[in-house]
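Engineer: Chain residues, written in single-letter form:
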Amino acid sequence: MKKYLSIFILFFGVVANLLVLTPQLYIHSQQTVIGLILGIIGFILAIFNYKKGYKTYQKIAFILGGIISIYPVLYFTFLFFALG
Amino acid sequence: MNYVKRIFSIFILFIISQIGITAFGVIKQLSLDAGEKNLNISSTLVTVILVVINILFLIYLAKRMNIIKTNHPFLTKKNILIILVATLIDRGIAIGGTLLLNMQGHTTTANDSTLIKLFSGVSPVLVVLLLGIAAPIMEEIVFRGGIIGYLVENNALLAILISSFLFGIIHGPTNFISFGMYFFMGIILSVSYYKTKDLRVSISIHFLNNLFPAIAIAYGLI
Numbered sequence: 158m159k160k161y162l163s164i165f166i167l168f169f170g171v172v173a174n175l176l177v178l179t180p181q182l183y184i185h186s187q188q189t190v191i192g193l194i195l196g197i198i199g200f201i202l203a204i205f206n207y208k209k210g211y212k213t214y215q216k217i218a219f220i221l222g223g224i225i226s227i228y229p230v231l232y233f234t235f236l237f238f239a240l241g
Numbered sequence: 135m136n137y138v139k140r141i142f143s144i145f146i147l148f149i150i151s152q153i154g155i156t157a158f159g160v161i162k163q164l165s166l167d168a169g170e171k172n173l174n175i176s177s178t179l180v181t182v183i184l185v186v187i188n189i190l191f192l193i194y195l196a197k198r199m200n201i202i203k204t205n206h207p208f209l210t211k212k213n214i215l216i217i218l219v220a221t222l223i224d225r226g227i228a229i230g231g232t233l234l235l236n237m238q239g240h241t242t243t244a245n246d247s248t249l250i251k252l253f254s255g256v257s258p259v260l261v262v263l264l265l266g267i268a269a270p271i272m273e274e275i276v277f278r279g280g281i282i283g284y285l286v287e288n289n290a291l292l293a294i295l296i297s298s299f300l301f302g303i304i305h306g307p308t309n310f311i312s313f314g315m316y317f318f319m320g321i322i323l324s325v326s327y328y329k330t331k332d333l334r335v336s337i338s339i340h341f342l343n344n345l346f347p348a349i350a351i352a353y354g355l356i
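Keeping their order, the protein sequence lines are chains A and B.
Residues 158 to 241 in this note's numbering are what the first sequence lists, from first letter to last.
Residues 135 to 356 in this note's numbering are what the second sequence lists, from first letter to last.
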């Protein structure tokens with residue numbers, strides 16, 4: 158499981174982006190909430206696992222995964238904050 | 135007689151504060167009439183220069199009328215705290231009001247939807263300058279400095295209410311929620327100004343409050 162954790166986090170990030178930011182895949186409004194939860198989980202997992210002693214390529218994957226996961230969350234937060 | 139003179143002065147200040155945005159509206163309309171969807175670089179540059187001159191002239195007048203006082207420290211701990219808290223409350227009111235409007239079937243306020251239409255195809259620099267910088271400075275000089283600090287300076291409650299009421303009206307509300315939104319935002323700005331007696335504080339709150347929507351409009355995110 159630990160071996161595939163970095164791929165798992167990257168996958169979380171990609172799914173979060175697809176659910177929140179891809180208009181072509183926008184089917185139901187609830188998918189935004191699921192996408193945001195996935196993004197937050199992916200980001201938290203990336204941060205916690207980065208501190209543990211993993212190999213360099215895995216650390217790079219954690220950083221990438223963290224950025225990809227948090228991007229839709231930050232975008233959504235910004236849009237929400239810009240309302241009105 | 136003194137009151138008549140003061141009301142006239144504030145009215146003149148208000149008219150002057152509208153020159154920049156009116157010039158932008160005219161230039162934008164001329165550009166649309168010429169078949170250009172996007173405002174070209176020369177029109178943008180002319181508008182930026184006009185708006186900057188307009189801001190500087192209004193600040194000059196406000197200083198002459200003693201509305202803006204810069205003889206005391208601005209970035210104190212107290213002021214920074216007031217700016218942050220008031221900005222969060224103002225944003226909360228704006229977000230809450232917009233969500234309430236959404237529940238009633240309106241996408242946004244009439245004011246915001248006009249701004250979104252007006253600023254489509256306009257350089258992000260100009261959008262941020264007009265919405266994020268010019269509007270806060272001009273509205274604060276007229277509504278807070280002009281009405282609270284100059285026109286009705288001896289009755290705080292009345293001054294705050296008049297200022298907030300006019301602030302609400304001027305944003306073109308179409309229903310009670312949109313009026314309430316701007317009215318309560320005006321109350322927060324007015325109280326911040328009244329408590330600090332520093333127009334720079336309410337300008338900063340208004341600037342931070344407008345900055346996020348301005349960026350979102352500038353880049354077509356909303």
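Source of the hints: derived by calculation from the structure; they are not laboratory data.
Source: prediction; values computed, not measured.
One thing to keep in mind: the hints can contain errors.
[To be verified] Which chain A residues stay away from chain B? Per the calculated CB distances, all over 12 Å, these:
1) Lys160
2) Phe165
3) Val171
4) Asn174
5) Gln188
6) Tyr232
7) Leu240
[As the list claims (entries may be wrong)] If you only want the chain B side, here are some residues facing chain A, beta carbon under 7 Å, derived:
8) Pro307
9) Ile311
10) Pro347
11) Ala352
Backbone N, C-alpha and C define an ideal beta-carbon position, used for all residues, glycine too.
Engineer: Which hint numbers does the structure go against, in order from smallest to largest?
Structural biologist: Per hint list: 6, 7, 8, 9 and 11 violated.
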